[in-house]
Amino acid sequence: MKHLASLGILASTVLLAATPVLADTVFLSTQLRPIAEATVVREELLKGVQNPVDYVVEEPPQFAVRMEAERQAGAHTISLVGALHGELSPLADKDGLEPLDDVAKALASKGMPQPLLDLGKLGKSSQQYIPWMQATYVMAARKDALQYLPQGADVNKLTYDQLIEWGKKMQEATGQPQIGFPAGPKGLMSRFFQGYFYPSFTGGVVRPFQNADAAAGWEKLKELWAVVNPNSTNYDFMQEPLLAGEVMVAWDHVARLKEAISSEPDQYVVFPAPAGPKGRGYMPVVAGLAVPKGAPDKAGAFAVIEHLTTLDTQLLTAQKVGFFPTLDAKLPTDIDPGVGLLAAAVNATQSSPDALISLLPVGLGDKGGEFNKVYMDSFQRIILQNEAVGDVLKAQGATLAKLMSDTKAPCWAPDAKSDGACPVE
Amino acid sequence: MPNNRPWIPYLLILPSVAFLALLFVVPLVQTIWLAVSDNGMPSPANVQRMMGDLNFTRSVQNTFLLTLAVVPVQIVIALAMGTMVAKVAAGRETILWIWTIPLGISDLAAGLVWLSILQNSGYLNSFLYGLGIIERQASWLSYQTPFALFLGIAAAEIWRGTAIVMVIIVAGLNQVPKEYREAAEIFGAGPWTRFYRITLPLIRPALQSALILRTVLAFEVFAVVYALGGRNFPVLVGEAYNWQNQNQNYGVAAAYAVLIMLISLAATMFYLKAIRVDPERLP
Numbered sequence: 001m002k003h004l005a006s007l008g009i010l011a012s013t014v015l016l017a018a019t020p021v022l023a024d025t026v027f028l029s030t031q032l033r034p035i036a037e038a039t040v041v042r043e044e045l046l047k048g049v050q051n052p053v054d055y056v057v058e059e060p061p062q063f064a065v066r067m068e069a070e071r072q073a074g075a076h077t078i079s080l081v082g083a084l085h086g087e088l089s090p091l092a093d094k095d096g097l098e099p100l101d102d103v104a105k106a107l108a109s110k111g112m113p114q115p116l117l118d119l120g121k122l123g124k125s126s127q128q129y130i131p132w133m134q135a136t137y138v139m140a141a142r143k144d145a146l147q148y149l150p151q152g153a154d155v156n157k158l159t160y161d162q163l164i165e166w167g168k169k170m171q172e173a174t175g176q177p178q179i180g181f182p183a184g185p186k187g188l189m190s191r192f193f194q195g196y197f198y199p200s201f202t203g204g205v206v207r208p209f210q211n212a213d214a215a216a217g218w219e220k221l222k223e224l225w226a227v228v229n230p231n232s233t234n235y236d237f238m239q240e241p242l243l244a245g246e247v248m249v250a251w252d253h254v255a256r257l258k259e260a261i262s263s264e265p266d267q268y269v270v271f272p273a274p275a276g277p278k279g280r281g282y283m284p285v286v287a288g289l290a291v292p293k294g295a296p297d298k299a300g301a302f303a304v305i306e307h308l309t310t311l312d313t314q315l316l317t318a319q320k321v322g323f324f325p326t327l328d329a330k331l332p333t334d335i336d337p338g339v340g341l342l343a344a345a346v347n348a349t350q351s352s353p354d355a356l357i358s359l360l361p362v363g364l365g366d367k368g369g370e371f372n373k374v375y376m377d378s379f380q381r382i383i384l385q386n387e388a389v390g391d392v393l394k395a396q397g398a399t400l401a402k403l404m405s406d407t408k409a410p411c412w413a414p415d416a417k418s419d420g421a422c423p424v425e
Numbered sequence: 001m002p003n004n005r006p007w008i009p010y011l012l013i014l015p016s017v018a019f020l021a022l023l024f025v026v027p028l029v030q031t032i033w034l035a036v037s038d039n040g041m042p043s044p045a046n047v048q049r050m051m052g053d054l055n056f057t058r059s060v061q062n063t064f065l066l067t068l069a070v071v072p073v074q075i076v077i078a079l080a081m082g083t084m085v086a087k088v089a090a091g092r093e094t095i096l097w098i099w100t101i102p103l104g105i106s107d108l109a110a111g112l113v114w115l116s117i118l119q120n121s122g123y124l125n126s127f128l129y130g131l132g133i134i135e136r137q138a139s140w141l142s143y144q145t146p147f148a149l150f151l152g153i154a155a156a157e158i159w160r161g162t163a164i165v166m167v168i169i170v171a172g173l174n175q176v177p178k179e180y181r182e183a184a185e186i187f188g189a190g191p192w193t194r195f196y197r198i199t200l201p202l203i204r205p206a207l208q209s210a211l212i213l214r215t216v217l218a219f220e221v222f223a224v225v226y227a228l229g230g231r232n233f234p235v236l237v238g239e240a241y242n243w244q245n246q247n248q249n250y251g252v253a254a255a256y257a258v259l260i261m262l263i264s265l266a267a268t269m270f271y272l273k274a275i276r277v278d279p280e281r282l283p
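Quick mapping for you: the protein sequence lines, in order, are chains A and L. Residue numbers for the first sequence follow UniProt numbering, so the first one is 1 and each next one is one higher. Residue numbers for the second sequence follow UniProt numbering, so the first one is 1 and each next one is one higher.
No lab work stands behind these hints: they were computed from the structure.
Label-pair distances were calculated between CB atoms; the ranges are:
(1) A:GLN350 - L:LEU112: 34 to 42 Å
(2) A:HIS76 - L:ILE101: 45 to 53 Å
(3) A:ALA244 - L:GLN48: 40 to 48 Å
(4) L:GLN48 - A:ALA73: 31 to 39 Å
Rough simulated footprint, nothing fancy, chain A against chain L, three-plus residues with beta-carbon under 8 Å:
(5) 230-237
(6) 242-248
Which stretches of chain A does chain L cover? Using the computed rule of at least three CB atoms under 8 Å from a CB of chain L, they are:
(7) 174-185
(8) 227-234
(9) 368-376
Note that the structure is a prediction, hence the values are computed from the model and not measured. We treat Cβ as the ideally placed atom computed from N, Cα and C, and that holds for glycine.
Build out the structure end to end from the sequences listed, making use of the hints.
Structure, rendered in structure tokens:
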């Protein structure tokens, strides 16, 4: 009798586990993680999708581990992923994403710019992800900082020399360095080097890493750092020191400035990052939607992609979380004034005549972290530890060259194209 | 009753042994292998990479410096607190309860508490400004003020970790029979002699446990340092975290983990030898 009972329990368990249940579509994202933003996604952005969607967030390192674990185990729970270009690239390198060419074709006809769609190919022949939303990095300043702007300087066409001059004047007037950078442990300072500093001073990111232009750029950065708040190495999100009044001028990702600017839009000006001798470097940040191979609910995933890339949802996304549409669309005039300010600065950056686009690294696989480390180590040694520029660039250049040849990653813009691994010249 | 089933004790500890083997030994072996291999082959590459890294020497120095600064202070404070509370009759429990509050707070929360005190717009600056001692916000935690940063981290660590030492030492002090001290008093021994000749030798086992626990924890310090110093004050566990999380290089992170384990083992061995406990006093 006892045996029979346990057999019965066993049988029913097996049956329960084997019966296909109408499960939610699991949508795993590294973007829009803070509770407030995730709630907006669940309650507003995903409203209108037929099948219920389970929106789950994960920090980027854990995201990579989870995706790799599911791929190795062959047990898939996630149907849709939302992540940055650089986070999706290692998945595509392992051939872990479904091709999305049909979706891409449909979106191209709905007005998604082709260059943006091409980014989603990650250097492959088929579409790996669909551009979901985009952002970039800008500078923000409190309006009372504008009185110290050097004579003749236009805040929308700032150069590094003028920024240094501005910083000096603010420091003289207030007794404290007033410029801030997010160089803390979770800050995005490495993107400043890859997307702004290096392109502006050398016209490239990898090739000219240790040339004379780079050395001159680093000397300029030393000058700038003399008027940068030393607490910058503790800052992760610049909205906090701006709100606390620790700095008056800051550079950061739009989403990491939004809270300060949205809370007091009439107190801030937002403008493009400065230009160097080779132009005004800037890095568009693209978040994409991709379907992992073996996804349990592909149809559900496609439905979510379709919903998130409609014009209405894209505008709602901009309105609510400050990421801009990937469809060619005008933002409504009644948008949150803070988001409006940020959008204007992004526009000013993109349309500036000396703009020099710097793409996110491609082809580095899981070595993206070590790529960032090359730039951050150079920063630590040259700027914080005051080591000789030439020596540091030589040593770090060798590390970078090894990294590039190990990963065989070809050059990306603004570096000139390469056959095979991108060389450090 | 003669024990005719000698296997029972072994059976009883079997689940815990299996648990340890599964959740401790297996990952341990995996970590060691990860540290000393490269692409599935034995290789010193990860260890070399770790030792050649920009922050390796600094993180070793900082970790040892912090341990040397923090642990002795904690032991002295805990001994003083324990001796003081021994004299108190009424309200002893309440005092102990208040003193152990930091025990209930997570490391990171403790770091954030101290961050709110020491950061630019924090309580310390407001207080000093209110008294007119400083003219404007001073930085205590930047890379330009390494000494203040070190003091801040040490203070936070002492605040957070002293309670556990005190709990162990109070437990040890409770075990010391009153008669010994009374006898010593009759023979004219002063308070210092009584403490040095009677109390200290008798609480040796407690002291040993406290030292081992605190030293190992000090080598593993991370969250407090991360909250207060960020990248400005590299320590061993912080570097392991960076290599794992930011640089996504699990091999080098494992090399750091193995190094921390070796240092902790060496410290434990040192205390076991240095502060010998009579076998009859072992549990």
